Amino acid sequence: MKEIEHWNKSNEAFGLQLPDGWFGRPGDNQHRLTYSLERENKLILELDNQLYLIFTKPLMIEKSGNDLVISNFKQLIFDYQGFGDMRSHNKPYGSGVVTLVSYNW
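First residue of the sequence shown? That's 1 in the working numbering, and the numbers climb one at a time after it.
Everything labelled a hint here was simulated from the structure, so no lab data went into it.
Keep in mind it's a predicted model, so treat the numbers as computed, not measured.
Every residue gets a Cβ at the ideal spot worked out from N, C-alpha and C, and that includes glycine.
Hints may contain errors.
Quick list of the computed label-pair ranges, beta carbon to beta carbon [as the list claims (entries may be wrong)]:
1) SER71 to LEU37: 18 to 28 Å
2) LEU37 to GLU12: 13 to 23 Å
3) ASN49 to LYS91: 29 to 39 Å
List time: in silico DSS-like cross-link candidates among lysine-lysine, alpha-carbon distance up to 25 Å [unchecked claim]:
4) LYS63 to LYS2
5) LYS42 to LYS9
6) LYS2 to LYS57
7) LYS42 to LYS74
8) LYS42 to LYS57
9) LYS74 to LYS91
10) LYS63 to LYS74
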């Protein structure tokens, strides 16, 4: 988890790519890490006080250029409320790659 904390210090705003593509329009949505918690079998990231990425370990966290890539997880649950309507959404992924896309070019 130190990788996330270190990366976040120089990337306060970033884009989000989920296993099935961008969340929102690329470059338009700017997210912030507002909370993180590492448990024995889970990694929980809270973005913007309302988007939750819940990863089941094991997983791999690595930098790719300026981006932070999370992969090799057993499962991901993406739980969030809509920004305009506050409706609840919950999307499971069996595997894949999540990229926190740096806006520091």
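Results of checking the hints against the structure:
Between SER71 and LEU37 the CB atoms are about 20 Å apart, so this pair conforms to the stated range of 18 to 28 Å. Under the hint 13 to 23 Å, the C-beta atoms of LEU37 and GLU12, about 19 Å apart, fit the expected range. The given range of 29 to 39 Å is broken by ASN49 and LYS91, whose C-beta atoms sit roughly 19 Å from each other. Simply put, LYS63 and LYS2 have alpha-carbon atoms about 12 Å apart, close enough for the 25 Å limit, and the pair holds.
With a C-alpha separation of about 22 Å, the suggested pair LYS42 and LYS9 falls inside the 25 Å cut-off, and the hint holds. Only pairs whose Cα atoms come within 25 Å are accepted, and LYS2 paired with LYS57 is accepted, the gap being roughly 16 Å. For the hint pairing LYS42 with LYS74, the CA-to-CA distance comes to about 10 Å; that is within 25 Å, so the pair holds. Proximity of LYS42 to LYS57 is assessed by CA-CA distance (about 6 Å); at most 25 Å being required, the pair is judged to hold.
The straight-line distance between the Cα atoms of LYS74 and LYS91 is roughly 15 Å, inside the 25 Å bound, and the hint therefore holds. With a C-alpha separation of about 20 Å, the suggested pairing of LYS63 with LYS74 holds against the 25 Å cut-off.
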